[in-house]
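**Student:** Residue numbers (this note's numbering), protein chains in the order written: chain A, 3 to 353; chain B, 75 to 210.
Think of the hints as simulated: they come from the structure by calculation, not from any bench.
All figures in this text were calculated on a predicted structure; none of them were measured in a lab.
Take these hints with a grain of salt, some might be off.
Claimed, not checked - So the derived list for chain A, only partly shown, Cβ under 7 Å to chain B, looks like this:
hint : residue
1    : 20
2    : 52
3    : 53
4    : 54
5    : 59
6    : 70
7    : 102
8    : 103
9    : 108
10   : 112
11   : 113
The beta carbon of each residue, even a glycine, is placed where N, CA and C say it ideally should be.
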Amino acid sequence: MIKKLNIGITGFGCYIPRFRIRTDDIAVANNQNVELIKGALLINEKTVPNKDEDAITISVEASKTALLRAGVSPKMLTAIYMGSESHPYAVKSSSAIIGEVLGVGENFMAADTEFACKAGTAALQMISGMVEGELINYGLAIGADTSQGSPGDALEYSAAAGGAALIIGKNKSEICANILYTLSRTSDTPDFWRRNKQQYPSHMGRFTGEEAYFKHVISTTEAMLNETGFKILDFDHVVLHQPNGKFPLKAAKALGASREQLKYGIVVHDIGNTYSGSSLLGLVNVLENAQPGQKILLTSYGSGSGSDCFIIETTENILEKQKIGKRLINYLSDKQYVNYNQYRQMVKMIH
Amino acid sequence: MHRQSPILRWRRYPERYRLEGNKCLECSQIYFPKKELCECGCKSFVNYKLKGEGKILTFTEIKSSPEEFSEMTPYCVGIIELEDGPKITAQIADADVTCLKVGDKVESTFRKFTAVGDSGVIHYGLKFKKAKSSIN
Numbered sequence: 003m004i005k006k007l008n009i010g011i012t013g014f015g016c017y018i019p020r021f022r023i024r025t026d027d028i029a030v031a032n033n034q035n036v037e038l039i040k041g042a043l044l045i046n047e048k049t050v051p052n053k054d055e056d057a058i059t060i061s062v063e064a065s066k067t068a069l070l071r072a073g074v075s076p077k078m079l080t081a082i083y084m085g086s087e088s089h090p091y092a093v094k095s096s097s098a099i100i101g102e103v104l105g106v107g108e109n110f111m112a113a114d115t116e117f118a119c120k121a122g123t124a125a126l127q128m129i130s131g132m133v134e135g136e137l138i139n140y141g142l143a144i145g146a147d148t149s150q151g152s153p154g155d156a157l158e159y160s161a162a163a164g165g166a167a168l169i170i171g172k173n174k175s176e177i178c179a180n181i182l183y184t185l186s187r188t189s190d191t192p193d194f195w196r197r198n199k200q201q202y203p204s205h206m207g208r209f210t211g212e213e214a215y216f217k218h219v220i221s222t223t224e225a226m227l228n229e230t231g232f233k234i235l236d237f238d239h240v241v242l243h244q245p246n247g248k249f250p251l252k253a254a255k256a257l258g259a260s261r262e263q264l265k266y267g268i269v270v271h272d273i274g275n276t277y278s279g280s281s282l283l284g285l286v287n288v289l290e291n292a293q294p295g296q297k298i299l300l301t302s303y304g305s306g307s308g309s310d311c312f313i314i315e316t317t318e319n320i321l322e323k324q325k326i327g328k329r330l331i332n333y334l335s336d337k338q339y340v341n342y343n344q345y346r347q348m349v350k351m352i353h
Numbered sequence: 075m076h077r078q079s080p081i082l083r084w085r086r087y088p089e090r091y092r093l094e095g096n097k098c099l100e101c102s103q104i105y106f107p108k109k110e111l112c113e114c115g116c117k118s119f120v121n122y123k124l125k126g127e128g129k130i131l132t133f134t135e136i137k138s139s140p141e142e143f144s145e146m147t148p149y150c151v152g153i154i155e156l157e158d159g160p161k162i163t164a165q166i167a168d169a170d171v172t173c174l175k176v177g178d179k180v181e182s183t184f185r186k187f188t189a190v191g192d193s194g195v196i197h198y199g200l201k202f203k204k205a206k207s208s209i210n
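Make the full structure from the sequences, and use the hints.
**Tutor:** What follows is the structure in structure tokens.
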């Protein structure tokens with residue numbers, strides 16, 4: 003029987019870069035059919051990191067909002083786990099840099115996680131476990147990426163930049179969303195990978211769908227529903243990993259979820275796939291719009307492969323937290339478009 | 075190169091990462107960077123973290139930059155008057171010179187400064203960007 007947790011989210015925040023490129027501009031530059039591409043991916047535009055942005059700078063900005071909403075001193079954090087597949091260093095902790103910038107001090111444990119696009123939810127599970135086990139009082143879990151896609155590859159239309167941060171605690175008076183359950187499924191699936199020192203990832207095309215994304219997202223969500231006794235329609239909001247606009251819609255349909263349940267949880271159409279930030283950005287957008295007492299189902303996906311599923315329920319505190327700090331909608335409305343040449347110059351600097 | 079020493083920059087993390095200055099215990103004057111002797115003659119200070127919000131007093135575009143910033147060139151630099159009082163010189167991120175004007179409200183943002191080649195340390199720090207209320 004799955005264990006019910008007694009922890010929750012006390013602060014949450016997100017960040018996406020200011021620059022965008024339209025799917026149309028990438029398709030034209032690659033001599034491909036614009037309507038065909040847009041119809042297949044359901045992505046209108048994606049974020050582009052500036053030359054001075056990376057997964058660490060994105061994490062810092064998201065974490066500042068999370069701290070503001072949590073209303074605790076940075077020094078209260080005693081763990082920072084940051085998940086990404088674009089950690090700027092191969093060897094040097096991203097989480098340690100984030101802690102230094104936030105002013106956490108030196109009394110915290112830190113580690114960087116990696117599991118393709120679910121490195122952020124893996125970090126969330128680890129922090130949740132430590133708070134539940136009372137090893138720490140507050141922990142910060144982050145998922146952020148400046149995603150890679152080689153020129154002309156299908157990934158170029160979706161690989162974007164952004165991230166989200168969550169502060170987990172145990173004090174009921176501070177929790178705005180209880181994390182009730184978490185469960186994962188993992189298998190060795192060769193759908194997507196990036197070898198050491200390679201600039202861009204490799205993938206197996208259509209194999210990344212049925213045998214990878216859909217298998218893990220659907221089976222993990224179903225396992226969670228079976229373990230807890232919830233039905234999919236019991237949830238007010240459903241958030242699934244969103245590598246493009248089509249996959250989460252198809253997976254949600256297979257699970258029996260309605261479009262209304264996905265209203266705030268799907269953010270990929272105007273952002274792109276932010277890899278480790280993807281499902282957590284959807285969660286933050288839900289938390290920024292949810293009412294008290296609403297149930298949220300979150301299932302991430304990381305190639306390689308695995309899914310982490312969470313059942314979360316908002317509390318009365320959510321309304322106060324929503325009044326504080328920058329929301330995803332603020333970042334979405336503050337944008338500047340770049341053309342394809344500018345875009346290639348900008349991402350060349352990052353990767 | 076002396077200016078790129080990771081150790082020198084490491085010693086300045088409090089000011090570079092968190093805008094930590096200090097405040098005179100006698101007259102409450104705020105300094106950034108920190109001072110050891112206040113204009114009032116007092117030598118007693120307490121650390122003070124500046125808010126990171128202010129307005130542009132003046133700005134320019136750098137087209138011919140030091141080598142370490144060449145990858146970002148052209149970029150904007152401005153003198154920012156912080157709400158807490160001190161004036162600081164800083165890069166203005168995500169902006170070209172045509173979209174800036176004197177008096178624009180700005181806020182701090184954590185960004186990459188330079189990376190020493192492909193194998194050296196990455197230097198981070200605070201830049202400023204236009205606050206939402208100043209964006210047209």
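**Student:** Need the list of violated hint numbers for this structure, in ascending order.
**Tutor:** Violated hints: 6, 9, 10, 11; rest satisfied.
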